[in-house]
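> One letter stands for each residue in the lines below.
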Amino acid sequence: MTWTLVLVLAAGAYAFKFLGLVVVGDRALPAALERCLALIPAALIAALVVKDTLSVGHHLVIDARAAGVGAAIVAAWRKAPVLAVIIIGASVTALLRAVS
Amino acid sequence: MISACVTLGLAVGVYAISFGVAAVSAGASTAQACVMSLLVFTGASQFSAVSVIAGGGTIGSALSGALLLSARNGVFGLANSRRLTGRLPTRLIAAQLTIDESTAMCAAQDDPVAQRAAFWITGGSVYVFWNIGTLIGALAGGAINPKTFGLDAAIPAAFVAMIWPQLRTSRGRMAVLLGGGICLLTIPVLPIGLPILAASLAIMLGIRRDEVTS
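First to last, the protein sequences are chains A and B. Quick note on numbering: our numbering labels position 70 of the first sequence as 70, and the sequence is numbered without any gaps. Quick note on numbering: our numbering labels position 118 of the second sequence as 118, and the sequence is numbered without any gaps.
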């Protein structure tokens, strides 16, 4: 581990964040592009859920996380508050791990 | 909403403890681990960088993998640029807080005031807990395993709750299915980090003009 790695990574990671939020800023964009940007959270957060629930590295797996996130989906569908959804997801996963 | 933002910050903070442990066992000093969390502030990238180094990889390969993972923050920033208005100094700080959790919590709110509040509270509490957790982990070592408490599932569970408002329109539902599907299909074949970026192809559903109602 070197300071070079820490600082170059910091600069690169900030550059990505800067690019979207500061370079584009709040200027008006074509309507079609605005409609596309509005879909970013839907598309990317769905992808994060898939990655965090069903994968280890390059492998697709079904383990205790799938049960926890499945329970979270049911909770969200039954209109549970965000906090409850988080706690249900974590505790179902932890319980399953504890008993298996 | 505030308690949910702070809880998410706490869950992420416990993860930071394991990041601190991982960084130190990969040969980082406590200062390096802490500066990394303060300046890089993108969990997945940080974990990836230290695990490549721990596995004997070069700095170049650690950097390329970690940067690939952080590229999605550029896309998130683009989405947030529609919601977070303000002067340049404000946006420079907002840029640093642009991560998965703050973007998701922001997008889950209905009105612009709540969206901005959710972004700042989530980004701020994750930042505080992430850095405290890193310091604890780097100093104390691996006393806590987040998996014991199911915290690895807490984060996707939070994302599930935040995705729900996106399902109200048929276009949103299609973007969720397509984004998730692209990620699922590409995880086995693309380098780590790219499946999330590939999922952004789903936003092209927005090109068609006809206003689809649910």
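None of these hints come from the bench; they were simulated from the model. Incorrect hints may appear among the rest.
Over the 10 Å line for every Cβ pair with chain A, so calculated as not near, a few chain B residues [to be verified]:
no., residue
1, 113
2, 127
3, 152
Partner residues aside, some chain B positions facing chain A, computed with beta carbon under 8 Å [said to hold, decoys possible]:
no., residue
4, 65
5, 68
6, 71
7, 74
Each residue gets a CB set at the ideal place from its N, CA and C atoms; glycine is no exception.
> If a hint holds in the structure, say so; if it doesn't, say that too.
Hint check results:
With 10 Å as the threshold on Cβ separation, the claim that residue 113 of chain B sits away from chain A holds: the shortest Cβ distance comes to roughly 16 Å. No Cβ of chain A approaches the Cβ of residue 127 of chain B within 10 Å, the least distance being about 13 Å, so the stated non-interface status holds. The beta carbon of residue 152 of chain B sits about 6 Å from the closest Cβ of chain A, which is not more than 10 Å, so the claim that it is off the interface is violated. A hinted interface residue such as residue 65 of chain B counts as satisfied when its beta carbon comes closer than 8 Å to some beta carbon of chain A; here the least separation is about 10 Å, so the hint is violated.
Interface restraint check: residue 68 of chain B against chain A, minimum CB-CB distance 10 Å, threshold 8 Å, status violated. The criterion of a C-beta within 8 Å of any C-beta in chain A is met by residue 71 of chain B, whose closest approach is roughly 5 Å, and the hint holds. For residue 74 of chain B, the interface hint holds, since its Cβ comes within 8 Å of a Cβ in chain A; the closest pair sits about 4 Å apart.
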